[in-house]
Amino acid sequence: MAEHDDPGRMTILCWSGDLDRIWPQFILATTGAAYGMQVTMFFTFWGLFAIKKPEVKVTGTNWMTKMMSVMNQENLSHLNVGGVGPKMMRTLAKQHNVAPPEELIGLSQELGVELWPCQMTMDLMGLKRDDLLDGLGEPAGAAAAVAAMQKSQINLFI
Amino acid sequence: MADITMTIDTSGMACPMPIVKTKLAINKLESGQVLELISTDRGSKTDVPAWCESTGNPLISEEERDSKFVYLIEKA
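One line per chain: the protein sequences are A and B, in this order. Straight run, no breaks: the first sequence in our numbering ends on number 185. Straight run, no breaks: the second sequence in our numbering ends on number 181.
Pulled out of the complex, with its shape left as it was, chain B reads as follows (with noise of 0.2 Å):
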């Protein structure tokens, strides 16, 4: 598992605040850090692997937990 350096919780949020709160988080974080992003959209299954992949920044993991999904996001 790797270390989280900064988790996001957008629980409740619509799209397009689950990715616009990622990249307000990945700009903080420094090259290797990784960051728990957490979001009750459904969207976001999607979404997120195609912002990861269009911006370099590795998707480490995603999850289901109790009806919420997580990812972890390692910044470029």
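Next comes chain A alone, as it looks inside the complex (with noise of 0.2 Å):
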């Protein structure tokens, strides 16, 4: 059978919310979508900071979801680089016309790329369904996402 006549699928579990991990986040699941594959993305622990609504704040519950928030950032602009300032990253990116990672995360959803928000980690930090975008899949779980990576070819953890 030619490659063509089943493009396959790809997961990707989205585990940090830094941008230079979110890049390739969805460089992949774009160009995985193009070669029409069926991509799902599973988004856990500080992964789902890039698919909240940019106005949500992550508080926590209690003392350590409170924790946590402390390690992430207010939003996408604002995320961390592996220790590079992410204001440079993203002029050094403008530079170079990368697009940004919001245009990246539109353009998934229109090419169909499934958005799964981690159910448990959204109660760990707090996170209700209306605080993350909207057209995203239900909420799953380790078992949803392990399921998908059974039946894909390509699987990354990124």
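Don't take each hint at face value.
[Unchecked claim] Straight-line alpha carbon distances no greater than 35 Å define the calculated DSBU-like cross-link-like pairs of lysine-lysine that follow:
#1 B:LYS150 x B:LYS180
#2 B:LYS133 x A:LYS84
#3 B:LYS173 x B:LYS126
#4 A:LYS80 x B:LYS126
#5 A:LYS80 x A:LYS155
#6 A:LYS121 x B:LYS133
I should point out that these hints are in silico values taken from the structure, not numbers from a laboratory.
Starting from two chains that each stand alone, build the complex the way the hints lay out.
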């Protein structure tokens, strides 16, 4: 069977909310979708910060979730970039015409990429469904993620 | 020269936009129609043939014109 008869599936476990991780998450997701692959992105832990509404701040609901949220940044433009200033990274990306994450997220939805938030980490961080972007899949668990990975030819943890 | 049904100009756009825009444009075409893709991304020289081969949409031609890369892709 020729490759293009069944482009297959790709699953990306998006665990980090750092800008230098969000970029490859969405660049590979949109590229996979451009190949006709059925792409699923599973957002867990800090990965959730890429798909929350920009105005939503993660405050946590108890001492532990508050600790988690302190380790986080407030919105995409403030995200850490492995020690490099996000502003510097954005400026560099702009100079080289790299699409901003906000645009890539919109494109991935337009291409039919499924974006699944992780229910467990939503609870951990005190995030509700309304705090997340519109058009996402139902919040799911590790079992749903593993089931998707089992059917995928390409599985990534970013 | 094949009849061009649609042209998309991705000049100034970096990876993965030329391929993503190509996919969105190809979706709008009928089988046998031809898409002209213009890109300034040097990576497109390997990305476009790879994408065409993998998706089964024939790459009819590729050329460099005024430091832009121009591809003709037929929808399978």
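Against the structure, the hints come out as follows:
no.: 1; hint: B:LYS150 x B:LYS180; verdict: 19 Å, holds
no.: 2; hint: B:LYS133 x A:LYS84; verdict: 39 Å, violated
no.: 3; hint: B:LYS173 x B:LYS126; verdict: 16 Å, holds
no.: 4; hint: A:LYS80 x B:LYS126; verdict: 25 Å, holds
no.: 5; hint: A:LYS80 x A:LYS155; verdict: 11 Å, holds
no.: 6; hint: A:LYS121 x B:LYS133; verdict: 29 Å, holds
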